[in-house]
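2 protein chains.
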Amino acid sequence: MVDIPKVLSPDEVGGWDRSADVVVIGQGVAGTCAALEAHRAGADVLIVERASGGGGASALSSGIFYLGGGTAVQRHFGYEDNADEMAAFMMASCDPLDPLAVRRFCNDSADHFDWLEDQGVPFERTEFKGKAVYLTDTTCLMSTGNEKLWPYSKIAKPSPRGHKVAGEGENAGAAGMAPLLRKCEDEGIPAIYDSNVVALVQNAQGRVVGVRVKQSDGIIHVEARRGVVIAAGSFNLNHEMIAENLPLLGETSEPLGTPANDGAGVLLGLSAGAGTSAMDGVIPTGSIYPPGQLIKGIIVNKRGERFVAEDSYHGRTGNFTMEQPDQKAWLIVDSEIFAYPENKFANHQLVDGFETVEEMEARLELPAGSLVRTMNEYNANAEKGEDPYLHKAKDWLKPLDKGPWAAFDISFDRSTYLFITLGGLRTGPDGECLTPRSEPIPGLYAVGASAAHIPRNGKAYASGMSLGPGSYFGRRAGRHAAGANWTG
Amino acid sequence: MVDIPKVLSPDEVGGWDRSADVVVIGQGVAGTCAALEAHRAGADVLIVERASGGGGASALSSGIFYLGGGTAVQRHFGYEDNADEMAAFMMASCDPLDPLAVRRFCNDSADHFDWLEDQGVPFERTEFKGKAVYLTDTTCLMSTGNEKLWPYSKIAKPSPRGHKVAGEGENAGAAGMAPLLRKCEDEGIPAIYDSNVVALVQNAQGRVVGVRVKQSDGIIHVEARRGVVIAAGSFNLNHEMIAENLPLLGETSEPLGTPANDGAGVLLGLSAGAGTSAMDGVIPTGSIYPPGQLIKGIIVNKRGERFVAEDSYHGRTGNFTMEQPDQKAWLIVDSEIFAYPENKFANHQLVDGFETVEEMEARLELPAGSLVRTMNEYNANAEKGEDPYLHKAKDWLKPLDKGPWAAFDISFDRSTYLFITLGGLRTGPDGECLTPRSEPIPGLYAVGASAAHIPRNGKAYASGMSLGPGSYFGRRAGRHAAGANWTG
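Residue numbers (the working numbering), protein chains in the order written: chain A, 1 to 488; chain B, 1 to 488.
The set of hints was computed from the structure by calculation and includes no laboratory data.
Backbone N, C-alpha and C define an ideal beta-carbon position, used for all residues, glycine too.
Each hint can be trusted.
Residues of chain B placed beyond 10 angstroms of chain A at every Cβ, according to the derived structure: (1) Ser9; (2) Glu12; (3) Trp115; (4) Gln119; (5) Gly130; (6) Asn171; (7) Arg182; (8) Ile192; (9) Ile219; (10) Phe345.
Across the chosen pairs, the derived CB separations fall in these ranges: (11) Asp217/B x Gly369/A: 43 to 53 angstroms; (12) Pro367/B x Asp194/A: 37 to 47 angstroms; (13) Tyr340/A x Lys384/B: 49 to 59 angstroms; (14) Asp280/B x Asp44/A: 39 to 49 angstroms; (15) Asn171/B x Arg207/A: 50 to 60 angstroms; (16) Lys148/A x Glu377/B: 24 to 34 angstroms; (17) Val372/A x Glu168/B: 48 to 58 angstroms; (18) Glu12/B x Gln349/A: 39 to 49 angstroms; (19) Lys344/A x His76/B: 57 to 67 angstroms; (20) Pro259/A x Arg373/B: 39 to 49 angstroms.
Taking lysine-lysine pairs in the BS3-like style, the calculated list, with each CA pair at most 27 angstroms apart, reads: (21) Lys148/B x Lys157/A; (22) Lys154/A x Lys394/B; (23) Lys154/A x Lys148/B; (24) Lys398/A x Lys384/A; (25) Lys148/B x Lys148/A; (26) Lys154/B x Lys384/A; (27) Lys154/A x Lys384/B; (28) Lys384/A x Lys157/B; (29) Lys394/A x Lys154/B; (30) Lys157/A x Lys157/B.
Construct all of the structure, not just a fragment, from the sequences and the given hints.
This is the structure we're talking about:
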């Protein structure tokens, strides 16, 4: 069992060492946006950050913001996205707990992009039309989710909604965080670093009124006159919480994030009576693409059956793979599309090349006849441009009939899947923490990865659904905690 | 915590008092179908039933089988349903763990209907086109799910798939069970009643080889040479399991089923190492319709917001309502559509009539301005025949602008919601029990409500998704346990 810290009463605290209107725990993208908005709404803000500087996991990320509804970049390239189409896609795919939160995010999404640019976050007017997991150059716009995938393509008009910060390399998130952190400094928002919030203080009426902070030289108590915003990241690196909620993640799976993503934020919320959501949601990513041609292959499980449309977003494919017997799966290709997966980190091993499908089936120890049957059926349908059950899009359909064939092992116990957890505290549309029965806890907010993501399972995630909603709901929580209305 | 019975080793048993090839636990629809198929495949079968006779919760149900793909009744009325459309709907709405199981069910669904008729289960060639929760007459075909609901209507061609047994009254299930039970008798399949399976016997290799049965006059041990089929129903009436998995069900919620639906089947499976799925899935039903005109009203939560398309299947509406703040919601109508809900059991109370929306908002203690804003927005869109976020179908859209207005309280703590749990043991496409890592447990099967349903949450359920898949996978498990191939 995971230990939840004890919540303190004001009596136990005695007196306050310091006081602010709004205390923000964590200075990743959600906390930074909360602090900026609370400050600009006239609140006296204090940021409390465990690390020696701001940035958090956001600064280690690939810097993609999922935004749409007609952003400046979408319009630049002629995409006619709008809030309705974006909301239709997210409502249909994400199984959101709170439709109103989705509606607000989609309605304000294009304006929120402008706001980010106004803060100095750099976005180019450039576009990538291929299939990639992330880009290492500064290109901005890209499809990062399941918009073009059946059945979502039938529900809403697909538009690319991944907006990457114009930073080089795998960790472009740093280039997005730098201007936001600079704004905090320029506007004189105080922050204390190397400071770990170890408990919340809650009064007899249930209102959260302050925090206990552990620093290298002792403990201090900080009063929060209006509210506490938990923006302390995910529980990716809390091994106990992972084992309890996500037992199928293999031993070779690797969490993304910083050591501070140990679930402290979630546990603080639980201590004050907050509920959680989607704690078993995860994106395990071990993409088979690039190169895109591998999507024309098929993925089969230990029963020799396909189980996911291979053109799914890589996190969706990973999630389905995780649920297969023994977490085992193989990517099967023929000679026409053969290539090694470029994803070096995932380390998908080539099992071998085979002159016949029968040999391959035997070597993979699949049930007799199963792979032959699966491939015959797949090839006959692909010939007609159809995939009647899993609905892989036509562009990726071709009969796999040009031997020899090859198989890559993409099983969870062989390959390395990077993962991001999606669960966290239950929150309302202003980031207010909710009890399991959805009642708000006065004075307490959770945003970013300490809150449950909008998508409740990894099958619905798109790259950018952490930074996009995280930054937006961070802003809303900041204003709400400061006592101000949302003005967009 | 819920106590799981201890699994026994053959050594602990000593010797067998009785022996069979296949032991079927429970004689509801799934167990009966399993027994018939195992027997007809040449196995020596023994049915072990806790009650004094067969029927189980199936005989207490409204007798609806969810079947499609072009059944005789669908064809009779000119519906062009096929396995692809049915599978597309179920794949998109049910979030199934096992696409292959869905494919098999849809492929064989029309044949399975014929099989049921061949056993003597009576179905009329009659159709009901209105909106009802269940019918009390003998009419057969009816839309019972979310097929016509956005977004599913965009993904697959809607067809009615609820097939009701030709029995009178609310419990037409009995008329479906009677001929199936008669077949068991006619074919000489032995059954022992008042007999409670209290433990499974599992050998050192992990194979389930028998059961311990408690009877009024003592304990007996029954060997199962080929397999044990758990068909012992749901955990609806296990208060501990409900509290642990479904904390949001209110105290006024009432389980459907028989006292034997106490989770014993699920717990037996767990004792042998089986995994579970969808344990937090539930259909809470307290339908607002009939009459259908009430669907033209809107449902709002404590924040004065809509949260579900009001034309959803009643279990979907109930599921969304359960997730709202404090589990509270109201149905709002104007004078043009005013009517009392006919659902006497749910007992939705009229709060009052109101001359203005402002008065109603104040009386319901909704945030100032919230209901006025929601209704203005709804009415303006309805005027254009639109519902841009929740997508209620055009037929049900009309501006609610003909005062006076009325509100019905449909909150979980006021109304009575009947519920059916969807969770249960993880199973493969032949009903074989699977470990949490999806490996089969040799000799162990689970079907019907002891297994997890295909839909993993109540938002995707349709009436008949218990009896339909339950009877079909019961047949498959029976044949598989008997060592026979599936022949349809």
